[in-house]
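Enquirer: Given next are the chains, with one letter for each unit.
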Amino acid sequence: MKVAGTRNPAETIAPAESTPSRIRARRRLPGYAPGYAFIAPILVYLAATAVYPILNVVGMSLRDVTAGHWSFVGLANYRQVLHDLVFWNAMGNTTIFTVASTVAHLALGLVFALLLHEVWFSPGLRNITRGALILPWVFSTAAAGLMWSLLYHPFGLFNYLAVGVFGRPQPFAFLGDPRIALASVIAVNVWKSYPFYMVAILGELQAIPVDVFDAAKVDGAGGWQRFWYVTLPQLRGVLIAISTIDVITTFGHVDLINILTRGGPGRATETVAFHVYRTALLDGNLPQGAAISTIMLVLLTMFTWFYLRMLARRGAESW
Amino acid sequence: MVNLSSAGRRRIRYETHQALLVGASLLCAVLIMVPVIWMVSAGVRPVKEILTYPPSLVPKTLTLQYYQRILADPTYQQYFLNSTILSLTTLGLALVLGSLAAYGFSRYRFPGSRAMLMGILGLLMLPQVTLIVPYFHLAHLTGLYDTLPGLIIVNTAFLLPLATWLLKGYFDSLPEELEEAAMVDGCVRLQALWKIVLPLAAPGLVGVGTFVFIGSWNEYLLPVVLTETPRAQTLTVGLAAFFGQYVRDWNGIMALSTLASLPLVVIFVLLQRWVVQGIGSGAIK
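Here the protein sequences come in this chain order: E and U. Each residue of the first sequence is one higher than the last, beginning at 1079 in my numbering. Each residue of the second sequence is one higher than the last, beginning at 36 in my numbering.
Hints are computed from structural coordinates only; laboratory data are not their basis. Be aware that a few hints might be false.
Just so you have them, the derived chain E footprint on chain U, three or more residues with Cβ under 8 angstroms [said to hold, decoys possible]:
1. 131-138
2. 155-164
3. 187-200
4. 233-247
C-beta atoms are modelled at their ideal positions from N, C-alpha and C, and glycine is treated no differently.
Bound-form chain E, shown alone (with noise of 0.2 angstroms):
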């Protein structure tokens, strides 16, 4: 107890008004200003360096360029590409690259936090095996695509299992042959990017009321059935939550594929996120790469309009 007779007598009386009000859920203080005050500061940053640029993108894509000259030329860009068959093979290997990496994402993450959520005779062996399962998202892509190349190099310890193991005639070019190269690339995204989504799956394993597996077990129900049942069931909005995030920053990756491929060979692991890098920076055409990066935009405004409704859906009662 500090000095009590300094002390506004109010204070005894504001923890007793404030306990009806708890009640309803969260109250929220009175006054606009104050509440403008403290978010003006991200407003005005986010506005210079994500909703300008923004519109910018979408105002080059209508423009062309000569000589540093910008000229209006409406919808040409995106004509231009979409009846170009290179933009479409980059959907298509986009489309491989999400699916693939989602659906491994989700099914090395949920096996793996499966196995976590178990009891083991030694809490400690297993938080050490958690971390050793999360460390892949503590490395860069830069360094994961090194690690990855080092391993798929012809003499690397993959090909010494193919062909000194597994006695196959001539090694595979895992990034060089068009047939693989795609496989190889998503090995690697695979592995960089599942720590994310099992400890998030973890997290909600967790958070499942232990009382809803003994009544399960009760009522007899085996271990593949409680999996089914119970487990499954419950995790089924976080499930839909990751896979929404997975989508879109799978779709968004440029990095793996710049460090190990190039988009090559030829332009078998071209994605459409590295369409744009290719067209605007590399081969400096910036008004049909700032069409892409649109129609990217516009593609990913869909997923996420998608994912923040089920948001808003899930947690209404957060609001």
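The hints should help you fit chain U onto chain E, whose structure is shown.
Expert: Showing chain U alone in chain E's frame:
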């Protein structure tokens, strides 16, 4: 007697279950770690021990010469410095602007607040690649191309929404009564945030800070697009450039990539609990 044997059977079942569970998990963990183990080992021994059939599992020669070469190179020192400046500045900006905004969203409801929060969440979902064209263009117009400040400004834009969103979730979980008491004592709102809320939110700040730091340290696309000389390039770009050379110095590449990853592994090992909580609580919901 019957009881004993059933207890014994249960014990055997428990032990088999544990052996399978722990054995399978450890096997998975080891397989997942193979690329990392291979990288670390290629940094300390000649590459001819690794890129050969069969590769030797146990090093025959151990050397630190590749590390010495990397550490003595002023270009790589510059990359380390740039990555550090980028990550720490972004961390500071994201935590300051993010906690102000998170506090505003958490404690006030005003016209447009929900729409603005949704807008910020929408930006969180925006991949960098969609905006590299305008950034490249605008960076040239403003003279920020190939400078660290330019890189920091853009990088912060991508981590700020995440910081705000996670911190808002954290602030929501803190009771308001303490701030009200402090305000009755004559604190203004900003003081209440500084003196009461932020200390209570310290674990949240650590978790969010770790996210922002790791994200900045590992950022690859933005420095590729916005820089072209070592004065502003970061480690990730340095790594990839090293790799792009015609004759690949695998030892050097692996030593550099181990060094570049080391700070994050240390941070992660120390702060694992907060990072896990961060992903588990705020990042999804």
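Enquirer: Okay, the stretch 155-164 of chain U and chain E, do three or more residues pass the C-beta test at under 8 angstroms?
Expert: holds (count 9)
Enquirer: For the stretch 131-138 of chain U, does the count of residues with a C-beta closer than 8 angstroms to a C-beta of chain E reach 3?
Expert: holds (count 5)
Enquirer: Taking 8 angstroms as the Cβ threshold, is the statement that the stretch 233-247 of chain U is covered by chain E upheld or broken by the three-residue rule?
Expert: Three-residue rule not met by the stretch 233-247 of chain U, so violated; n is 0.
Enquirer: Using a Cβ cutoff of 8 angstroms, are there at least 3 residues of the stretch 187-200 of chain U near chain E, or does the coverage claim fail?
Expert: Answer holds; 7 residues pass the 8 angstroms Cβ test.
Hint 4 from the earlier list is the only one contradicted by this structure; the remaining hints agree with it.
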